[in-house]
Amino acid sequence: MIEARGLTKRFGRTVAVDDLSFTVRPGVVTGFLGPNGSGKSTTMRLVVGLDRPDAGRATVAGRPYRELRAPLRAVGTLLDASYAHPSRSGRNHLRWMALSNGLAVARVDEVLAMVGLTEVARKGVGGYSLGMRQRLGLAGALLGDPATLLLDEPANGLDPEGIRWIRDFLAYLARQGRTVFVSSHLLAEMSLLADDLVVIGRGRLIYEGGADGFVSRFTRAAVRVASPDPARLAAALQAAGASVRPDGTTLRVEGMEAAAVGELAHRHGVVLHELATVTASLEDAFLEGTRDDQEFRVGLPPGSPLPPPKPPA
Amino acid sequence: MNLVRAELLKLRTVRSNVVMIVLAVAFGIGFSVLVPLIVPKGENGVEPGVDLFPLALAGLGIAQALCGVLGILVMAQEHRYTMRVTFAAEPRRWRVLAAKAVAVTIVVSAIAVVVVVVGLVAGGAVLDARGFPLDTGSGFWRATAGAVVSTVLQALVGLGFGAIVPSAAAAITVYVVWPLVVEPIVQAVLPEVGKWLPFAALAEMWVKEPLEAGLGQPLAWAYSLAAAIVALVAGSWLTSVRDA
Numbered sequence: 166m167i168e169a170r171g172l173t174k175r176f177g178r179t180v181a182v183d184d185l186s187f188t189v190r191p192g193v194v195t196g197f198l199g200p201n202g203s204g205k206s207t208t209m210r211l212v213v214g215l216d217r218p219d220a221g222r223a224t225v226a227g228r229p230y231r232e233l234r235a236p237l238r239a240v241g242t243l244l245d246a247s248y249a250h251p252s253r254s255g256r257n258h259l260r261w262m263a264l265s266n267g268l269a270v271a272r273v274d275e276v277l278a279m280v281g282l283t284e285v286a287r288k289g290v291g292g293y294s295l296g297m298r299q300r301l302g303l304a305g306a307l308l309g310d311p312a313t314l315l316l317d318e319p320a321n322g323l324d325p326e327g328i329r330w331i332r333d334f335l336a337y338l339a340r341q342g343r344t345v346f347v348s349s350h351l352l353a354e355m356s357l358l359a360d361d362l363v364v365i366g367r368g369r370l371i372y373e374g375g376a377d378g379f380v381s382r383f384t385r386a387a388v389r390v391a392s393p394d395p396a397r398l399a400a401a402l403q404a405a406g407a408s409v410r411p412d413g414t415t416l417r418v419e420g421m422e423a424a425a426v427g428e429l430a431h432r433h434g435v436v437l438h439e440l441a442t443v444t445a446s447l448e449d450a451f452l453e454g455t456r457d458d459q460e461f462r463v464g465l466p467p468g469s470p471l472p473p474p475k476p477p478a
Numbered sequence: 538m539n540l541v542r543a544e545l546l547k548l549r550t551v552r553s554n555v556v557m558i559v560l561a562v563a564f565g566i567g568f569s570v571l572v573p574l575i576v577p578k579g580e581n582g583v584e585p586g587v588d589l590f591p592l593a594l595a596g597l598g599i600a601q602a603l604c605g606v607l608g609i610l611v612m613a614q615e616h617r618y619t620m621r622v623t624f625a626a627e628p629r630r631w632r633v634l635a636a637k638a639v640a641v642t643i644v645v646s647a648i649a650v651v652v653v654v655v656g657l658v659a660g661g662a663v664l665d666a667r668g669f670p671l672d673t674g675s676g677f678w679r680a681t682a683g684a685v686v687s688t689v690l691q692a693l694v695g696l697g698f699g700a701i702v703p704s705a706a707a708a709i710t711v712y713v714v715w716p717l718v719v720e721p722i723v724q725a726v727l728p729e730v731g732k733w734l735p736f737a738a739l740a741e742m743w744v745k746e747p748l749e750a751g752l753g754q755p756l757a758w759a760y761s762l763a764a765a766i767v768a769l770v771a772g773s774w775l776t777s778v779r780d781a
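For the protein sequence lines, the chains are L and F, in the order given. This note's numbering puts the first sequence at residues 166 to 478. This note's numbering puts the second sequence at residues 538 to 781.
Because the hints were derived from the structure by calculation, they are not lab data. Since the model is a prediction, treat every value here as computed from it, not as a measurement. For glycine and all other residues, C-beta sits at the position ideal for the given N, C-alpha and C. Heads up, none of these hints are tricks.
Computed, partial: chain L to chain F, Cβ under 8 angstroms:
#1 G214
#2 R217
#3 Y230
#4 R231
#5 L244
#6 S252
#7 R260
#8 W261
#9 M262
#10 L264
#11 N266
#12 G267
For reference, chain L alone in the conformation it holds in the complex (with noise of 0.2 angstroms):
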């Protein structure tokens, strides 16, 4: 388990976290998402002691991971994919790591088979894709055969083979009983893969709980309907009580389920030629919860036209 009470760390004015406070429990997959400059690594870093929180604490199966004596077995770590020196070897990468830990030279081969790397386990780090050092960094994680994983975008720069090893492979160690903390900005993946989330924006914490119960707080269910007659159909789902917009060649319909929508349509005898529960995704909430957390905008807002280029002078 992992818990953080009333975290927060400054980097000048910066507030990097802000009084951030959450647990992290074993069994289940816990995705940990938040924009840009959120504050996503920096957290990570303060649990496993890299940074000095200005206030606040933060602790992995009960102990601050500073206090932990041979801390790869407790905890598996993955912050950054390019944390290995380019001309060493990625065994010996692993070797050095095993070292330090006293841990069995043998775990080294046993991991870099896991993980694929056996082929090019002699070659320098250097000469590695960012696919292949993210699953080096895997490796190194999974060395110490730890109960807890803290895992920054472990799926960054995967090939889409590796990115459903990666989350079938954290399902199967989190259904093993072992806290599995993941921050990743692929929310489809995340959707996929998280049972639990914990959201933050600008260091503060926005959301933490099961994934579906982030969906359903930060969007409201709707219904996608299309008919050759919409102003009927509109006029009348609204004097219903609905909210209705178009929505392309469709409508969309807030606050009345599908069911109710076909009923009311037959009932005024206008044709339908779809009718769709439109289901809101992990990206549509994060969207929507983070809106106003968010560091770096786009200078266009969604579906504004791009500007036209230049002529050539």
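Knowing the structure of chain L, use the given hints to seat chain F on it.
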């Protein structure tokens, strides 16, 4: 012991470290042979009554500088690449610095013994062939031991300095410029102050004859050892209080 083994593995599995070790040995021995071979006879060269010990170890100064740079590189590689993995594996950072100090001591001791022994034998043989046998009498063995120990202490000063200054380029520049420029100027202008400068004390450890304006042997050894300890303790403390 596990940490020391890990640090030894780290040290020998990075190409730039291996290059630095090879260069230290090659330059250390090479100049110890070459300089006695080409130095002229007579005034300002080899002549009766001149202490030949520094001539027979003409390459040691370069080897020591390269060992100091090796010490800096050992920390610089952490700052640049692996510090977060290292401190996640061992959160008690002073233990990492201590293990690095032991690893550097082991490796640089081996370099120093090879450079000093081979340098003295080969350089001494060249001088002997030119009619100037090396005097192995008074002070020879103390100076020989001083040559080895001061090389190790220079590497440890480099290690501590590398921990204090996270930028490898800045650390190496200061480390090289300081003994070549700053200390000679201070020694020329203020000799009473100059003898207390760290590289002057380290150099005094391996002179055979007492220096007129030096600290004296016991003090030069103690002062150099203290300089290395201060650099390591300061580096360890800063590394422990900084964010990784």
